[in-house]
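4 protein chains.
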Amino acid sequence: MTLSCPDRPGIVNKVTGALLEVGANILESAQFGDPDTATFTLRTVFDCDASEDSISTVLDPIVAHLSAQVRLRPADYRPRVLIMVSRYEHCLLDLLYRHQNGELAIEIPLIVSNHTVAAPMAAHYGIPFEHVPVTPESKAEAERILMRRVEDLGIDLVVLARYMQVLSPEVCAALEGKAINIHHSFLPGFKGPRPYHQAHERGVKMIGATAHYVNTDLDEGPIIEQDVARVTHALSAEDMVRVGRDVERMVLSRAVRYHTEERVILIGDKTVVFS
Amino acid sequence: MTLSCPDRPGIVNKVTGALLEVGANILESAQFGDPDTATFTLRTVFDCDASEDSISTVLDPIVAHLSAQVRLRPADYRPRVLIMVSRYEHCLLDLLYRHQNGELAIEIPLIVSNHTVAAPMAAHYGIPFEHVPVTPESKAEAERILMRRVEDLGIDLVVLARYMQVLSPEVCAALEGKAINIHHSFLPGFKGPRPYHQAHERGVKMIGATAHYVNTDLDEGPIIEQDVARVTHALSAEDMVRVGRDVERMVLSRAVRYHTEERVILIGDKTVVFS
Amino acid sequence: MTLSCPDRPGIVNKVTGALLEVGANILESAQFGDPDTATFTLRTVFDCDASEDSISTVLDPIVAHLSAQVRLRPADYRPRVLIMVSRYEHCLLDLLYRHQNGELAIEIPLIVSNHTVAAPMAAHYGIPFEHVPVTPESKAEAERILMRRVEDLGIDLVVLARYMQVLSPEVCAALEGKAINIHHSFLPGFKGPRPYHQAHERGVKMIGATAHYVNTDLDEGPIIEQDVARVTHALSAEDMVRVGRDVERMVLSRAVRYHTEERVILIGDKTVVFS
Amino acid sequence: MTLSCPDRPGIVNKVTGALLEVGANILESAQFGDPDTATFTLRTVFDCDASEDSISTVLDPIVAHLSAQVRLRPADYRPRVLIMVSRYEHCLLDLLYRHQNGELAIEIPLIVSNHTVAAPMAAHYGIPFEHVPVTPESKAEAERILMRRVEDLGIDLVVLARYMQVLSPEVCAALEGKAINIHHSFLPGFKGPRPYHQAHERGVKMIGATAHYVNTDLDEGPIIEQDVARVTHALSAEDMVRVGRDVERMVLSRAVRYHTEERVILIGDKTVVFS
Numbered sequence: 102m103t104l105s106c107p108d109r110p111g112i113v114n115k116v117t118g119a120l121l122e123v124g125a126n127i128l129e130s131a132q133f134g135d136p137d138t139a140t141f142t143l144r145t146v147f148d149c150d151a152s153e154d155s156i157s158t159v160l161d162p163i164v165a166h167l168s169a170q171v172r173l174r175p176a177d178y179r180p181r182v183l184i185m186v187s188r189y190e191h192c193l194l195d196l197l198y199r200h201q202n203g204e205l206a207i208e209i210p211l212i213v214s215n216h217t218v219a220a221p222m223a224a225h226y227g228i229p230f231e232h233v234p235v236t237p238e239s240k241a242e243a244e245r246i247l248m249r250r251v252e253d254l255g256i257d258l259v260v261l262a263r264y265m266q267v268l269s270p271e272v273c274a275a276l277e278g279k280a281i282n283i284h285h286s287f288l289p290g291f292k293g294p295r296p297y298h299q300a301h302e303r304g305v306k307m308i309g310a311t312a313h314y315v316n317t318d319l320d321e322g323p324i325i326e327q328d329v330a331r332v333t334h335a336l337s338a339e340d341m342v343r344v345g346r347d348v349e350r351m352v353l354s355r356a357v358r359y360h361t362e363e364r365v366i367l368i369g370d371k372t373v374v375f376s
Numbered sequence: 102m103t104l105s106c107p108d109r110p111g112i113v114n115k116v117t118g119a120l121l122e123v124g125a126n127i128l129e130s131a132q133f134g135d136p137d138t139a140t141f142t143l144r145t146v147f148d149c150d151a152s153e154d155s156i157s158t159v160l161d162p163i164v165a166h167l168s169a170q171v172r173l174r175p176a177d178y179r180p181r182v183l184i185m186v187s188r189y190e191h192c193l194l195d196l197l198y199r200h201q202n203g204e205l206a207i208e209i210p211l212i213v214s215n216h217t218v219a220a221p222m223a224a225h226y227g228i229p230f231e232h233v234p235v236t237p238e239s240k241a242e243a244e245r246i247l248m249r250r251v252e253d254l255g256i257d258l259v260v261l262a263r264y265m266q267v268l269s270p271e272v273c274a275a276l277e278g279k280a281i282n283i284h285h286s287f288l289p290g291f292k293g294p295r296p297y298h299q300a301h302e303r304g305v306k307m308i309g310a311t312a313h314y315v316n317t318d319l320d321e322g323p324i325i326e327q328d329v330a331r332v333t334h335a336l337s338a339e340d341m342v343r344v345g346r347d348v349e350r351m352v353l354s355r356a357v358r359y360h361t362e363e364r365v366i367l368i369g370d371k372t373v374v375f376s
Numbered sequence: 102m103t104l105s106c107p108d109r110p111g112i113v114n115k116v117t118g119a120l121l122e123v124g125a126n127i128l129e130s131a132q133f134g135d136p137d138t139a140t141f142t143l144r145t146v147f148d149c150d151a152s153e154d155s156i157s158t159v160l161d162p163i164v165a166h167l168s169a170q171v172r173l174r175p176a177d178y179r180p181r182v183l184i185m186v187s188r189y190e191h192c193l194l195d196l197l198y199r200h201q202n203g204e205l206a207i208e209i210p211l212i213v214s215n216h217t218v219a220a221p222m223a224a225h226y227g228i229p230f231e232h233v234p235v236t237p238e239s240k241a242e243a244e245r246i247l248m249r250r251v252e253d254l255g256i257d258l259v260v261l262a263r264y265m266q267v268l269s270p271e272v273c274a275a276l277e278g279k280a281i282n283i284h285h286s287f288l289p290g291f292k293g294p295r296p297y298h299q300a301h302e303r304g305v306k307m308i309g310a311t312a313h314y315v316n317t318d319l320d321e322g323p324i325i326e327q328d329v330a331r332v333t334h335a336l337s338a339e340d341m342v343r344v345g346r347d348v349e350r351m352v353l354s355r356a357v358r359y360h361t362e363e364r365v366i367l368i369g370d371k372t373v374v375f376s
Numbered sequence: 102m103t104l105s106c107p108d109r110p111g112i113v114n115k116v117t118g119a120l121l122e123v124g125a126n127i128l129e130s131a132q133f134g135d136p137d138t139a140t141f142t143l144r145t146v147f148d149c150d151a152s153e154d155s156i157s158t159v160l161d162p163i164v165a166h167l168s169a170q171v172r173l174r175p176a177d178y179r180p181r182v183l184i185m186v187s188r189y190e191h192c193l194l195d196l197l198y199r200h201q202n203g204e205l206a207i208e209i210p211l212i213v214s215n216h217t218v219a220a221p222m223a224a225h226y227g228i229p230f231e232h233v234p235v236t237p238e239s240k241a242e243a244e245r246i247l248m249r250r251v252e253d254l255g256i257d258l259v260v261l262a263r264y265m266q267v268l269s270p271e272v273c274a275a276l277e278g279k280a281i282n283i284h285h286s287f288l289p290g291f292k293g294p295r296p297y298h299q300a301h302e303r304g305v306k307m308i309g310a311t312a313h314y315v316n317t318d319l320d321e322g323p324i325i326e327q328d329v330a331r332v333t334h335a336l337s338a339e340d341m342v343r344v345g346r347d348v349e350r351m352v353l354s355r356a357v358r359y360h361t362e363e364r365v366i367l368i369g370d371k372t373v374v375f376s
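Residue numbers (our numbering), protein chains in the order written: chain A, 102 to 376; chain B, 102 to 376; chain C, 102 to 376; chain D, 102 to 376.
Since the hints were derived computationally from the structure, they do not count as laboratory data.
Keep in mind that the hints are not guaranteed to be accurate.
Simulated crosslink set (DSSO-like; lysine-lysine; CA at most 30 angstroms straight-line) [unchecked claim]:
#1 A:Lys371 - A:Lys292
#2 B:Lys292 - B:Lys279
#3 A:Lys292 - A:Lys279
#4 C:Lys292 - B:Lys292
#5 B:Lys292 - B:Lys371
#6 C:Lys371 - C:Lys279
#7 D:Lys371 - A:Lys292
#8 A:Lys292 - D:Lys240
#9 C:Lys240 - C:Lys292
#10 B:Lys371 - B:Lys279
#11 A:Lys371 - D:Lys292
#12 B:Lys371 - C:Lys240
#13 B:Lys292 - C:Lys371
None of the values given here were measured: they were computed from a predicted structure.
Next up, chain A with everything else stripped away, as it sits in the complex (with noise of 0.2 angstroms):
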């Protein structure tokens, strides 16, 4: 269950004591109280037999009392992830490793690309693998099929795994808070294309990557995580991609484990990421 409210005192008291009369265990919890815009956010696992009905019936009259925004799920429900990738295949591969390996507990039923290069991988990893083609013509069709997948798949969230299309406003102000993005560079440094070039161009001494909810404001959206890697004048534009990828992938298959986990409360345009 994950929570978020208006901060005032009692909250944790309150519901700890509808969980118990559930009969709830709970095995992690964590907290968050944000001093800027006064709200509370919490995580908490636990162990029930009630059914998700009676524990609704408990948990209902106090989220109306707190005003509260609560996500209730089963510790053991997959969430439906669509993956969209272009070209390069590396944050995609971590991804479905990952999902192989049991790192991801997600179900991953499509991948959709503007290419046919990843058609191989998602074959590999029994994957169905969709291309839509993207043009200036067929761009607002291409979106018009993404739409319907997320619909009819009932995906819970899509990744844009080095998808190099932008999507229009439209999509993603659908998709707000259901869509995460890797751009390769430390926001908000080298925002916009061929953040490498101009990293190099800049002569930085390290180089990161950025996952962020996709929104209106390309490579604005709430940050979820970064990480970097050192470089040195030694390495040309393209030494900086070869690393970046590394970091790129580590990022973004952090960010959808935060977020499949539950890990992760918005409040307004900034992430509280219980780790």
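The hints should help you fit chains B, C and D onto chain A, whose structure is shown.
Just chains B, C and D now, kept in the frame of chain A:
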């Protein structure tokens, strides 16, 4: 407040209920249930007008019921720290500067050294300094002086900031959980003397430092914090000493901060650190 | 070209003179004089139209004069790497993907495993796979097969990518300087089996991995590369295994890249790494 | 000796030949050819009984022939560094301590500050301190004083150790390549004032610091060194200031060491750092 007790359902609810009763508003809270030992640990910071006595009155029955170990202290209490040092001053300086700029909310009633090198630094920061030489003959007496100072000055924590004398088992036992040492290697690698020379000899690619509670088993106490720095073949053992100094002082200062902010709870010979 | 010889004045001048003579243009060069052993090491990459033979003709007298060990190879030569693996595939996958995307400029003529788990992955990447089961009885025969493959396939490097069988002293000796192992701890800490469980037991705050040349002294070979990741009290030994996988594959892949790009020179049981 | 010149074959051979001629024994050498600008750079440390004059006699024709820029200085020369500081002393303290313990082989003839806060620290370390207040009216005069001190004291490097006044374009131009500033963000992110507050506002997951040469374009000078530290949602802007202090002082001290050990060569607005 920190609390440690055998794990069972309802602990958080009981404790938060008691805190509500005395009008406490929780500002910060973190908890951890250790599956290996079935121990529950909790650290909570709260705002409360009630006196410490009234809080205890409400908490005591719960504490007894839970067979809990509880530490309750005002957030503005400044733990009293005695620092011991030999000839290398970098860790001492780091602690003194953080003390001066307010990062470490502690009192430092005394610095004890078996050398006089650090006396001017102590004077500059306005901290009393006592020179207690240690020879094989005077060691027992030196330790008696130390323990008397600990008692007389109401010392909460002894920090061995590169104090190069081995404490006797009796002193280690007396200070268990109340003395932090910095070992200049990434334990459990390179125990014992001259760890950087051992590291250089072995050709490692990273060196580290470890802050740990002192116990009777030299370099084997519960680890509080560790960190590393990258080294190369081009560094001599002396270069590693230089690189290592930065790691040592960071690691020790973090450990002291964690301890004095009551962020560390001991479970057996391991630590829970609510960083 | 890499060169290693007793240190003395004039080495670089002689070598660069010889290279000039054959019209070589130096693209990259790094050198290191080890004060402990008075050994000079050099790695230089140059562009040259002359044949390997003419280069040797010019270099040979200098090499003899310097009592140097020299390796000279075309920059586009792709070292032939045999990978051994047991049941954990993360390191293997990392190597195969970097091979496929061009980061590792190597040939992989064969994957050998004492299990069949990795066969589909090998097939997907188009690499021959041989299952060589190892039992106490068949171990000697399995090693004979291995050494025959090394010879028949002209193998330059054997990579133990989480190969869980201990090689016999004879094989270790035969492959000295030509076999890299990944040990899943930050050596010299936690030698031997189940290092993550040892690390969890000890309560360390960082875990690591070490890539080293295989020698007859288990987990004691020359270290090529190491790295670490931060862990907390909240991680189980199994969680540490998960975190450790990322460190292992990064460290092993870097070590393989360093070796196959001729960036590693052995001095005794330590390495010079021109990274 | 450091050398920078248009790249062409034979440079190293010529230079090492000249050094051999004067009986120099090379102790350390690093080189880099920048493909973007076709510039060759070299740093070499050598042991030599010949006088500086005789070395110059041998080198001069080569230098002229190569159109090279060369700096030649005795290894035991201690560059003269003037430190400027405002109210935050952490960077200053780090420099003074490293100066005192020998890590920084420099002279510090003067500390200049627009405040008096740092006077006691300067006194403790035995460094002359001059208070030069800066108001809109007195700024021009303050800069005249600064430039006079630079000249009179034979200053090689000016270090802005959290000096919070913007230098005029004239002073920046006069000190080009001879003044290092620490900016308390991971440039190019968060230029301008209060970068930690900007970072907190943006919700980044890492903060950093950047040491760069001062030029007329504020926060845009050539970067020498950068580093970062991990932060979380739980840190306030003030907490980030605290975390950032450690990054700032490490980064600035490293940059000063690199510069004063002649490890930095400027190519346009980028640096080669032979670290």
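Going down the list of hints, with the structure as the test:
{"no.": "1", "hint": "A:Lys371 - A:Lys292", "verdict": "holds, 18 angstroms"}
{"no.": "2", "hint": "B:Lys292 - B:Lys279", "verdict": "holds, 21 angstroms"}
{"no.": "3", "hint": "A:Lys292 - A:Lys279", "verdict": "holds, 21 angstroms"}
{"no.": "4", "hint": "C:Lys292 - B:Lys292", "verdict": "holds, 14 angstroms"}
{"no.": "5", "hint": "B:Lys292 - B:Lys371", "verdict": "holds, 18 angstroms"}
{"no.": "6", "hint": "C:Lys371 - C:Lys279", "verdict": "holds, 14 angstroms"}
{"no.": "7", "hint": "D:Lys371 - A:Lys292", "verdict": "holds, 20 angstroms"}
{"no.": "8", "hint": "A:Lys292 - D:Lys240", "verdict": "violated, 36 angstroms"}
{"no.": "9", "hint": "C:Lys240 - C:Lys292", "verdict": "holds, 23 angstroms"}
{"no.": "10", "hint": "B:Lys371 - B:Lys279", "verdict": "holds, 14 angstroms"}
{"no.": "11", "hint": "A:Lys371 - D:Lys292", "verdict": "holds, 20 angstroms"}
{"no.": "12", "hint": "B:Lys371 - C:Lys240", "verdict": "violated, 40 angstroms"}
{"no.": "13", "hint": "B:Lys292 - C:Lys371", "verdict": "holds, 20 angstroms"}
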